Each structure stands twice: as C-alpha cells, then as structure tokens.
Amino acid sequence: MSIDSTATSGPAGPVGGTGTDLTAAGGHGAVPVSGVPIPPPAPSDSKGHSGSRKGWPLWEVFIRARRGLSHQHVGSLHAPDAAMALRNARDVYTRRGEGVSIWIIPSAAITASSPDEKDPFFDPAMDKAYRHPTFYDVPEGVSHL
Amino acid sequence: MTTAARAGATPDVDRIALAAYVLGLGDDALILAQRLGEWITRAPQIEEDIALGNIALDLLGQARTLLGYAGELEGAITGQPLDEDDLAFLRDEREFRNVQLVEIENGDFAVTMARQLVFSSYQYELYSALSTSADPMLSALAAKAVKEVDYHRDHATQWVLRLGDGTPESHDRMQAGLDRVWPYVEEIFDATDTVAALPGIAVDPALLRSAWSDHVEQVLAEATLTVPTPKWRSRGGRAGYHSENLGHLLPEMQNLHRSHPGATW
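Quick note, the sequences are listed as chains A and B, same order.
Just so we're aligned, residue 12 is where the first sequence starts under my numbering, counting upward by one.
Just so we're aligned, residue 361 is where the second sequence starts under my numbering, counting upward by one.
No lab work stands behind these hints: they were computed from the structure.
Predicted, not measured: the structure shown is a model, and the values here were computed from it.
Glycine included, each C-beta is placed from N, C-alpha and C at the ideal position.
It is possible that part of the hints are untrue.
[To be verified] Some but not every residue of chain B turned toward chain A, in silico, with C-beta under 8 Å:
1) Ala403
2) Gln405
3) Glu407
4) Ile410
5) Asn414
6) His515
7) Gln518
8) Arg522
[To be verified] Here are some chain A residues the structure puts well away from chain B; computed CB gaps all over 12 Å:
9) Trp67
10) Ala76
11) Ala90
12) Met95
13) Arg101
14) Arg106
15) Ser112
16) Ala123
17) Phe146
18) Pro150
Construct the complete structure from the given sequences, taking the supplied hints into account.
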C-alpha cells in the first residue's frame, strides 16, 4: 500500500513541521522522516474521553469500497477518541457513497519502515528476476493468474 | 392527493390542512439547515465543519421535498402552483411555520449540540411514525429521512455525552446550552388543528413525547447533566409567530434570490 503525501495530510492540513526532510525514496511517498508532531495521547478519563481539543490525536482511515475488496487507506483526521474518529471518517470520506466499511487506527500505532533502511530492505529484491513468476507458460484460459 | 381526500368529508379542507402540515415540517428542516450552515468555516475542527455541513445538507434535502410537495398542494387549492424556491425565498417571517426552536441562534457549540439533540430526537420519532402515514409522499420521505436523522441524533448524542461528562468547563457550558434551548422544547409537542384534521396522515406530536424523553433523559443522565426546568416557554411558531431571530435569518437566506429573481448557476 502506498501512502502518499496528500493522503497523509488528509483534511487536517500538513502534518510535517517546518524544515522537515521530506523524502519519496523507497516507495514510501513523501513522508517526513523527522520532526513529525505526533500528539501525545490526550488525557483520558475512564471512558476514554479526552481532554482539550489541541490534544486531539491523529487517526488513519481505511475504507472498503465494496464487499470483496480489502480496506484501503484514504487519509487521516483528528478526533478526540476512536468512536468520534469513526463518525468523522464517515462524514469526511464516505459522504458520496464511497464505502461499506470503515477502519480507524491511531496514527501513532503505525510502525513504518524508515527511508534510511531502504537499501537493506528493498535493494536485494531489485536484481533477482528469478523471483518473479515470469518463467512459466501460462495455460490458455487461465485469465486471472 | 387522493389520500388527502380520504381523511375527511370535504377534500378541500383536508388539502389545506395537509398543505399547512407539510409546510411546517419543511420549514423546520429549511430553517435548521440554514442555521447549521452558519457553522461552515467556524466549527471547532474541520472534521466538525464537514459533519455539520453534512447534517445541514440532509435537512435541506428534506426541506426541498417537503416544500415542493407543499407548493403542489397549495397550487391545487389556489390554482397557482408554487415551487420550492417560491416558498423558501419569497415568503415573509409571518408566513413561516417552523417551530421557534430551529430559528434560535447557534450560540456556542454546546448550544448547537443541545438544539441538535432536542430536534433530531424529535425528528427521529416523527419520521419513524410518519413512515406509516396514509399519505404516500410523506411516508416515502419519512422512510428515507429517518436514516439520516438517526445519524444526526447519534452525532448530537456523542457530543452531549463528551461535553457533559468532560471537563468542568465543558460540563458547565453544555448545561448552559441545555438551559438556553429548553424553553423551546414544549412548543414542539403542542397540538395543532392541522394535525387533528389529518387522522392517519399526520402524527400527533404529543404521542412522540415519551419516546423522545426516554432517549434525551437517558443521554443527559449519562452525561451527568440535568434536565432544565425553564421559567417560560415559546409557542406559536406553527401559526407564524416567531422570535426576533428569524427576522435576522431570513434576509441572509433570501437575499440572493430576491436580488436576482430566477438566477441559476
């Protein structure tokens, strides 16, 4: 899945701070690698209600367009808690009939690969054509292989 | 309009009552849509901006159907059909039939959420009941709109719970919002001659009261808020008597249409 900069910004404005090093290397899209202001978890009471709106955490939104498809990342938004994030996502991302199911995930819960690690992560796959299943004769009539 | 004729002895009287009834419901939706639209670019967060805009657009959609239908019914009586724009933009204050609750100013976010809780809980019960109305237009609209309003009620409920049971500041402001809105509650459930003239078609609002109270009081209790006991109550919106607020709302809503009659884009 690719997370591009538009999607990451979402409706809540850019998440990168000033002077942040943006890189699009390694298929990550333009992701700020440092200085990303991840809001600390807002103080919550026993019901999970959070405090001031400045502390509203960021949530990533995944929408399934129809049955049979997987959930796709569509963007992110701010909300005081998960229940409100789900409702905000419904209003922001599905008001023109885009989805049948929504997942909400705290942005802070995502562990991303680092662009600094792109060589050990991805380079070894580049020159090994034999890993691609291109050396078979596909029988006729098999259209979805 | 054959169903209208079924309700009583003289078809004309029933059609007049039906036109008035539909107009009242349409005006409720129209005026509240206008009020909620005022939040756009002013809501506490952009996500909330979009949520309130969505709710306003749902209500505007209901208003268009209802006002279009009311104009048709009136046209059948007077011989001069009116369209939704005629009714929305070319009537004056005394001709509007909305309850006063929907015209009061937005106030802070808590006042708006208090008004939303009161009104969407009422509208939810109303449309649930109207979905079995003998009037096919009303029952079709209600069956569709009740799903929209279910969400409006949930939205308001979520916010009242969070503000009421949040910080001391949010609790006090939510309670103040309820206190501001509660004088306008009784009027919603007032009996009218119009409803009495339309058995099987219109819904007696008094019958919605207990289901409304069940939901609202449960939300307020869970939100650690108290049901206000206002010292006065509004009345007369359905008869065209309005608060000063509507007089300020209408020029803004109607200005464009009145300045450029028939303008399209």
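Each hint, compared with the structure:
For Ala403 of chain B, the suggested interface contact is broken, since its CB lies about 11 Å from the closest CB of chain A, more than 8 Å. Of the supplied interface hints, the one on Gln405 of chain B holds, with its beta-carbon coming within about 6 Å of a beta-carbon of chain A, less than 8 Å. With its C-beta approaching chain A no nearer than about 4 Å, Glu407 of chain B sits inside the 8 Å limit, and its interface hint holds. Satisfaction of the interface hint for Ile410 of chain B is found here, the shortest Cβ-Cβ separation to chain A being roughly 5 Å, below the 8 Å cut-off.
Interface restraint check: Asn414 of chain B against chain A, minimum CB-CB distance 5 Å, threshold 8 Å, status holds. Checking His515 of chain B against chain A by beta carbon gives a least distance of about 6 Å; that is within 8 Å, so the hint holds. At a threshold of 8 Å, the smallest CB-CB gap from Gln518 of chain B to chain A is about 6 Å, leaving the interface hint in force. The interface hint given for Arg522 of chain B holds, since its Cβ lies 5 Å from the closest Cβ of chain A, which is under the 8 Å cut-off.
With 12 Å as the threshold on Cβ separation, the claim that Trp67 of chain A sits away from chain B is violated: the shortest Cβ distance comes to roughly 7 Å. Look at Ala76 of chain A: its CB is around 19 Å from the nearest CB on chain B, clear of 12 Å, so calling it non-interface holds up. Interface exclusion of Ala90 of chain A from chain B breaks down, the closest Cβ pair being 7 Å apart, not more than 12 Å. Distance check for Met95 of chain A against chain B: the nearest CB is about 6 Å away, which does not clear 12 Å, and the non-interface claim fails.
A beta-carbon of chain B is positioned within 12 Å of the beta-carbon of Arg101 of chain A; the least distance is around 8 Å. Under the 12 Å C-beta cut-off, the non-interface status given to Arg106 of chain A relative to chain B is violated; the minimum distance is some 6 Å. Every Cβ of chain B is farther than 12 Å from the Cβ of Ser112 of chain A; the closest lies at roughly 16 Å, confirming the non-interface assignment. The claim that Ala123 of chain A lies off the interface holds: its Cβ sits roughly 24 Å from the closest Cβ of chain B, which is beyond the 12 Å cut-off.
The beta carbon of Phe146 of chain A sits about 50 Å from the closest Cβ of chain B, which is more than 12 Å, so the claim that it is off the interface holds. Once the 12 Å rule is applied to beta carbons, Pro150 of chain A is consistent with being away from chain B; the minimum gap is 49 Å.
Violated hints, listed in ascending order, are 1, 9, 11, 12, 13 and 14; each of the other numbered hints is respected by the structure.
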